[in-house]
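Novice: In case you want the letters, here they are:
Protein chains: 2
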Amino acid sequence: MRKRREIVEQGFRELQGRIIADLEKADGKSRFGTDIWERPGGGGGITRLLTKGNIIEKGGVNFSAVFGATPDAIRNAFQIGAEDFFASGVSIVIHPENPLVPIIHMNVRYFELSDGKAWFGGGIDLTPAYVVHEDGIEFHLALKEVCDQFNPEWYNRYKVNADHYFRIKHRNECRGIGGIFYDRLNASEDKDFEELWNFSLAVGNTFAPIYTRLMKKYGNSPWNEKQKFWQLHRRSRYVEFNLVYDAGTKFGLETNGRTESILMSMPPMACWESNFTPEPGSDEEKSQQYFSNPVEWV
Amino acid sequence: MRKRREIVEQGFRELQGRIIADLEKADGKSRFGTDIWERPGGGGGITRLLTKGNIIEKGGVNFSAVFGATPDAIRNAFQIGAEDFFASGVSIVIHPENPLVPIIHMNVRYFELSDGKAWFGGGIDLTPAYVVHEDGIEFHLALKEVCDQFNPEWYNRYKVNADHYFRIKHRNECRGIGGIFYDRLNASEDKDFEELWNFSLAVGNTFAPIYTRLMKKYGNSPWNEKQKFWQLHRRSRYVEFNLVYDAGTKFGLETNGRTESILMSMPPMACWESNFTPEPGSDEEKSQQYFSNPVEWV
Chain A
-5 MRKRREIVEQ GFRELQGRII ADLEKADGKS RFGTDIWERP GGGGGITRLL TKGNIIEKGG
55 VNFSAVFGAT PDAIRNAFQI GAEDFFASGV SIVIHPENPL VPIIHMNVRY FELSDGKAWF
115 GGGIDLTPAY VVHEDGIEFH LALKEVCDQF NPEWYNRYKV NADHYFRIKH RNECRGIGGI
175 FYDRLNASED KDFEELWNFS LAVGNTFAPI YTRLMKKYGN SPWNEKQKFW QLHRRSRYVE
235 FNLVYDAGTK FGLETNGRTE SILMSMPPMA CWESNFTPEP GSDEEKSQQY FSNPVEWV
Chain G
-5 MRKRREIVEQ GFRELQGRII ADLEKADGKS RFGTDIWERP GGGGGITRLL TKGNIIEKGG
55 VNFSAVFGAT PDAIRNAFQI GAEDFFASGV SIVIHPENPL VPIIHMNVRY FELSDGKAWF
115 GGGIDLTPAY VVHEDGIEFH LALKEVCDQF NPEWYNRYKV NADHYFRIKH RNECRGIGGI
175 FYDRLNASED KDFEELWNFS LAVGNTFAPI YTRLMKKYGN SPWNEKQKFW QLHRRSRYVE
235 FNLVYDAGTK FGLETNGRTE SILMSMPPMA CWESNFTPEP GSDEEKSQQY FSNPVEWV
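Note that the protein sequences, when read in sequence, are chains A and G. Take the first sequence: its position 79, counting from 1, is numbered 73 in this note's numbering, and each next residue is one higher. Take the second sequence: its position 53, counting from 1, is numbered 47 in this note's numbering, and each next residue is one higher.
Treat the hints with caution; some may be incorrect.
Given that identical chains are not distinguished, each listed pair holds provided it fits within a single copy or across any two copies.
To be verified - DSSO-like cross-link-like pairs, simulated, lysine-lysine; straight-line CA separation at most 30 Å:
id, residue 1, residue 2
1, K111, K46
2, K222, K46
3, K220, K163
4, K111, K280
Worth flagging that the hints you see were computed from the coordinates, not collected in a lab.
Next up, chain A with everything else stripped away, as it sits in the complex (with noise of 0.2 Å):
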């Protein structure tokens, strides 16, 4: 049997590579831009980065394969001793220009250690400035069916994990409609390896199809200022959840990571106005209400 590590370094890389080639094909004008990085201590990435498309104000789609003697801050967050690590993953994050196009994210990720240990993790999650219910509803079934095809209990934990992990705190909100989200998934056996390989390639390969529908749908609405504005304001959220409270930002922060990598989430232009609230009854105050209470879509 080939070793896990090649088997998700090659499945990743190619995941990538499908994503790019449809989110290209979607957008029809810019091509994604590559970044081929080496880090010093083992292994290196791909950072491809795609701006002014289309449909596509600035998108990332990342993938990364590292591997070395395990980092202090990775041995303190795993509360391991002093075994090698190999981790690797596929990282998107897109934000359109269109404010009727919903702002997208999906990670899905694979940690290993010299000692056999394994941990799956990732997930989907999706941020409308504007929230249509039947597209909520399409989403979550998307994932939903995903989810099942592994087992019937996941979808309803890993859409819960999303909504309190997706909380800003601070604005006692979501950053938006959430999805799924899972971590630290035990793949030390070998048969809990292949499900979650397996999944973690199913919830990849949902990715596209969920968010070229979404381009399609909204990618040429005529939109205006009002919701330019609602949109950059809904941005400043992703900001401020990326920065303060995103474990996959801190920690890259933190550990000395690729910060232009990290940080491709960051969108091109966000708003912060003060004390903004939508007016009653505005599509955005409809909106804000979905942030503010977590819906069971399906």
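Take the given structure of chain A and dock chain G to it, following the hints.
Specialist: What follows is chain G alone, placed relative to chain A:
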């Protein structure tokens, strides 16, 4: 003798009023709005915000004086027991519209426990998008002059503090050209309290002359799109510093502080351009040099 906390509360309240009067006069267009709030556990504050002025795009000058049972987060931070607390301060962040006018930040604060222990903290720092060397010297000389009235060692000590404190570690740069930063200066003895209170007021009183001079010098200078972009780019670094590192911001958000008052420090608009590097020899690159390598101004 009047109680210390009454002296401090009244003094900071008056300082807020003086600074607002000077800023409104220098701006010449907008006035500061007033938002008076109460803290459920005791005390409250006055948040004053000016937006869309002639020169000030968004500026907050906040006063607060709060007291009561010491929250757990503060107990842990100060490693104290069951004492009650009193805290008061004035906090300012001004974001000008014109990219040639620097962002400025000031904070003066006092913290006292019911057992008589007391501390002062604070500082002023300047964040120009475009660093003008002579302005940097003048700014630091003004701070040195204030410090020298009290202790000839303070300017150097607090200048170095500021260079360390306002460092954006993940960018390997400072957010601006520093200033002075001091924290937990022991004011438990009456003579220390008196000296440090006078020092706090002297720092507070130097804010308006420093900043209104810069408003007058650059507030009406013409600027172009390239300069605006650079300002929005530098503002993104300001956001990153405040959300990732600033102790007051982090502490406020973690302890359920008043989010809109804490985050009045956010710029009205900011942009993140991936992998942006200023052109060699450009004014932007010259300014970047100052952020990358702190200067001995005096």
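Novice: Which numbered conditions among the earlier hints are violated in the structure presented, ordered from lowest to highest?
Specialist: 1 and 4
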